[in-house]
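K.L.:
So the chains spell out like this:
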Amino acid sequence: MMATPFITETQRPRSKTVSGFLLLAFLCALCVSALNPVYAKEAAPLAADPLTEKRLMAISAELRCLVCQNQTIADSNADLANDFRREIRTMISQGRSDQEILDFMVARYGDFVRYRPPMKGTTILLWLGPGLLLVIGLTVLVRYLRRRNDAISDSDLSPEEQRQVDALLAASQDSQGSKPQ
Amino acid sequence: MNKFLWPLVGFAALVVLLAVGLNLNPRDVPSPLVGKPAAAFSLPVLGADRKFGPEDMKGKVWLLNVWASWCVSCRQEHPILVDLGKKGIVPVVGLNYKEVRGDGETDMSKTDAETEAKLARERAAKWLRQHGDPYQLSVLDLDGRVGIDYGVYGVPETYIIDKTGIIRMKHTGPVTPDILSAKILPLVAELNK
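Chains as they are written, first to last, in this note's numbering: chain C, 99 to 279; chain H, 36 to 228.
Among these hints, one or two may not hold up.
What the hints assert, rightly or not - With a straight-line cut-off of 20 Å between C-alpha atoms, the simulated EDC-like cross-links for lysine to aspartate or glutamate are:
1. H:K71 - C:D177
2. H:K145 - C:D177
3. H:K71 - C:D201
For the record, the hints were derived by calculation from the structure and aren't laboratory data. Since this is a predicted model, take the numbers as computed values, not measurements.
Only chain H is shown next, with the shape it has when bound in the complex (with noise of 0.2 Å):
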């Protein structure tokens, strides 16, 4: 073989092989938590004196949204979020990440929990009402320990949960309306069969 074909070969090979990794998304980690039970919890309803968890939508397929007001990813998904809502396709429940100790800005070595309940109980509303409810319910994840029993490591981040209490697949970052049409939207229609 010709002695300037080998380098060439392997400069090629090198150079595919950068280009796949280059491309290959480091936030998109899989989760070991698809096929397995969605963690239980029990945690208090925003804007309602009551709590929910995960077995209150047993028979259902449903989607768990993790989001924040002080995210800035999830004001790009919301309005796909909203229009989804008013479609009612599927029931949508948020999961309020960390609200108030989430932004960094508030000393929390200041704030007792009765205070920082109120605030994130008031800013989520607020929210909610600047950029619309798609939500079913929200549930408020304070402490950010629910988020952990899911693996939330970035906001937003949703999870489509099956009939049975099942996780069947989750997706990292804000909802496009590409991943909604080719990825969630068939799921949920195959799961809800």
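This is chain C alone, in the form it adopts within the complex (with noise of 0.2 Å):
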């Protein structure tokens, strides 16, 4: 049981009477929530295969919940997923493939419905939408890298230059020249 760790560790600093308290209650709501059905009511119902309800979760995560429309019919619990993953089992007992159970979700619920929904005219930008802002940030970023360097990169001195150069040079010579001696 997930729970037994969790208690030994909280009850070592404590004294034996709080820890006691402690193991008690957790044993009154072990008590509480075995016969109260309510608390089971969380955990959906198993389809005797087992391989139904992988094919069933397989589907599920497939399609959106279109009451939250950010949680999967897998991961959600709204009444509409609950309805939407009854339906499923229904029709993966009925012997139809994936295929043909998301066509049936898509004839009445539109593309929408899918988390990948198929490459056409009203998705197509859907799909290359990333690709192209992509390409378009490569593109203003070369296109400012290759301004910059243009701009830093060696220009011809003018003579009035090219003497001041010569004359520093010259100077940090001599002085580097006369330091040995």
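Reassemble the complex: the two chains are provided individually, in unrelated frames, and hints are given to aid placement.
P.N.:
Laid out in structure tokens, this is it:
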């Protein structure tokens, strides 16, 4: 049981009476939850066949819950998601293929119900948009870097500047040359 | 070009993009069912011992309005529907969606089908008595299976169905006077020509 290590860890620094009380409270809670079936409500009813349940999970992970919109049917506890799972389970038991089940949902709720909608006119921006943004971003970056390179690349010195550079270099060589002596 | 102008142009473009994005309604998902035949069903009629299906409305332009007594937004649109029902411009059929299990308060593991049906009839009828009944009739979709066939994901929803049984428009969310006068009624008039 998951809760047991938690209890032993927390009771270590406590006195015996407190840990005894905690244990009692835990056991009481366990009894209450065993008596009251409301606590068992969250667990989705498992189909007799684990294979069916596996397929149900796979299909419902592909489908959007339209009530919560950003959750899959598999993740969602919304009422509608429950209905969808029930419907999918029925279709699986009728021997329908995964594709048929997805088509059933799309026919009623549209491409929006699929997390991976088919590529077509209305969804082309959805599929290619990120790539397009990447290309635009890279183009802007490359153009910016090139322009910056051009700006800082060596340009010819004017004769006046050249004379100044020569004078500075000569001066530094003199000072270096005189040091060891 | 001025080197400060490009970032400014980029910023302005971003502002426009975000402004448009924030003003879109994320619930406004285009329904693939528009232009398709309304799915057939045969559901029990509220307050009567018979069944109803969309084929019973062949030859008429009609509205299918999805509602439930637990649906808060339905109360917002209801007076508009009641008014529409009084005027008798277009027949409105109610699809009562998951009356009992939709409220999330009834423990369905302890409720059998018969109890659920009885409870749904009681609650739906009571709600219509309280708020007015704009519907030619209402059908009960207890488990929401017909709702899935119609792509229902948020109540209320309203469908306009033409004389041949094709869905011509779907509106998700409460019907407002604006939507009624600007979209629904013109389309109904056009389809009735």
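K.L.:
Against this structure, judge whether each hint is valid.
P.N.:
Hints versus structure:
About 26 Å separates the Cα atoms of K71 of chain H and D177 of chain C, which puts this hinted pair outside 20 Å; it is violated. Only pairs whose Cα atoms come within 20 Å are accepted, and K145 of chain H paired with D177 of chain C is accepted, the gap being roughly 17 Å. A distance of roughly 15 Å separates the Cα atoms of K71 of chain H and D201 of chain C; the hinted pair therefore holds under the 20 Å criterion.
The structure fails to meet hint 1 from the earlier list, while all remaining hints are met.
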